[in-house]
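Please build the complete structure, drawing on both the sequences and the hints.
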Amino acid sequence: MSITFRNKLFFLIVLFSIFTQIPNIIQLNFLGSFLAKSLSFYPILFGVVYFFYDRYKQKDNFNLSKSDNIFLKYISIYFFVLIISFIHGLMIYPYYDDILSGPINQIDKLFSVQRILVSLNIDISEELLLRIWMFCRLIKGFILETFWYFAVPYIIYDWYKHNVSEGFSILIKGVIGGVVLICVYNVFDIMYLSGLNIGASILTTLNPIIHAIESNGTWWPPIVWNEKQLRSLFAEPSYYGIYASFAMPLIWYSFMVTTNKLKNVWLSILIFLFTFGLFLTNARTGNALFFVELILLVLFSIWRYKKCNLKKVATIFFLSIIAFFISIGVLNIMPGGIDKSSEITQKNINGLVVNYFQDNIGSLSNVDKRSNRARFAMLESNIAIGLDYPILGVGKSLRDAYVPAYLSERSRADGEVQYWIKNQTEKGILKSGFPELGEYSSRFATTGIVGIIVFFIPIIYLIGSLFCRIRLAKYQYEQERCIFFFISFSGIVISGIGDVLSITCCYWILLGLGYAIITSPYERK
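Under full-length UniProt numbering, think of the first position of the sequence shown as 1, with each following residue one higher.
Honestly, the hints are just simulated from the structure, not real lab data.
Given the structure is predicted, the values throughout are model-derived calculations rather than measurements.
Below, in silico cross-link-like pairs of lysine-lysine (DSSO-like), each with a Cα-Cα straight-line distance of 30 Å or less:
#1 K311 with K173
#2 K228 with K422
#3 K109 with K140
#4 K8 with K261
#5 K8 with K66
Label pairs and their calculated CB-CB ranges:
#6 K474 with Y419: 52 to 62 Å
#7 Y477 with G195: 40 to 50 Å
#8 F147 with P390: 21 to 31 Å
#9 P103 with V257: 50 to 60 Å
#10 M91 with F147: 16 to 26 Å
#11 P435 with D388: 18 to 28 Å
By construction, the Cβ of each residue, glycine as well, lies at the ideal position given by its N, Cα and C atoms.
Here it is in structure tokens:
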């Protein structure tokens, strides 16, 4: 693969990561597993196919490096733990009778297989056949998920392990391109939220092209977001915040290292507009991640930055504060905001600021605020399942049947949870389930303590190695690159507490390039 073509592929992977929920008609679900819903899957697929084709052509001269051997050993351990957990889960699974007595359309193929076996004089019980059928049905998805989980970071690592600066530069360009598209699309969303019919017309035309609408017969994602929240190109407002946790530190980095005055000005404008849009999402996830990353920026600035760079850090804070206050004003002159005839006073402004923080940051731990009851219900049930099956969990893809039994009465009273239970009852365990709403709690429920430990090994090693690299780097430019990469990766990892990492493909992009950074030699001028 030519270097130019490879770099274009990586640029597209990063750029397309803003399209997190593409229309169902172009999703390659049979092949893409958790990546199928992202537009980035297309350049990823092309890159992976070409990568293996290139390896095949060089098979006579190809030797595994020490890093490659370690990587393959880790994959083997990861896959072994998950497959043991999965087989163990099938063995202890107590819901076979519920499936057999449930809606027939969820297992119609099973009875077709049974009829064929009977015609061949092969006698097998329905439950045993169901066990075998579930294993065969789920193992394909299980293998595909594991493959893509490692293939994406590995090809990125392999592409840039000998030229980290090039990979990082393309990452920044892809992020800037994505953020520009988001800021442009924000204009249409703001027009709609302001009550302008032209904004609604534009969104109802473009949104079905950009992302799926009412996926799988549910209400989500709606064609327009009816709450007073900006969602831009994303399926819902919180996705904006999750992407921002990846992109914002990298935009900051570009601003910090730029010496060109004109570029500094337009990057300042971009930071302001992107941050302004983030506050307009009114999303707790995005706000919480943003403030965590600001705190990390301050801590690193105190520890490692020179006075000249502190001025730019102060500029980032100033732009963020201005964006916040303007967004507060915009949110409250939109339809449904404060009374437009009322006089704007210092007391009113203070009240608006307090209300915004209480509604977004302060409500994070309040079970009854906004969507928290449904989120806490899933967290509660995941942890309870994991505690009952602590070593290996209940098995990958087998968790959904357990959830209703582990929901408290308070959780069952939530309308969204009731909808999920009703859906599963009507469609069947194998046709409908519960959202994970938390990467780590879901993994604890499905793979137990062993699975969680294995999952966190590359994350902890990368974070620790980046921290050491920041401390030991001799040159300011290398230190800055590692600092902002660290902040971006930390933001994405933290987002896994309340959401799944596969909402975007940013985690896998950072994982691959991150390992290229920490395994490369320290740079010399």
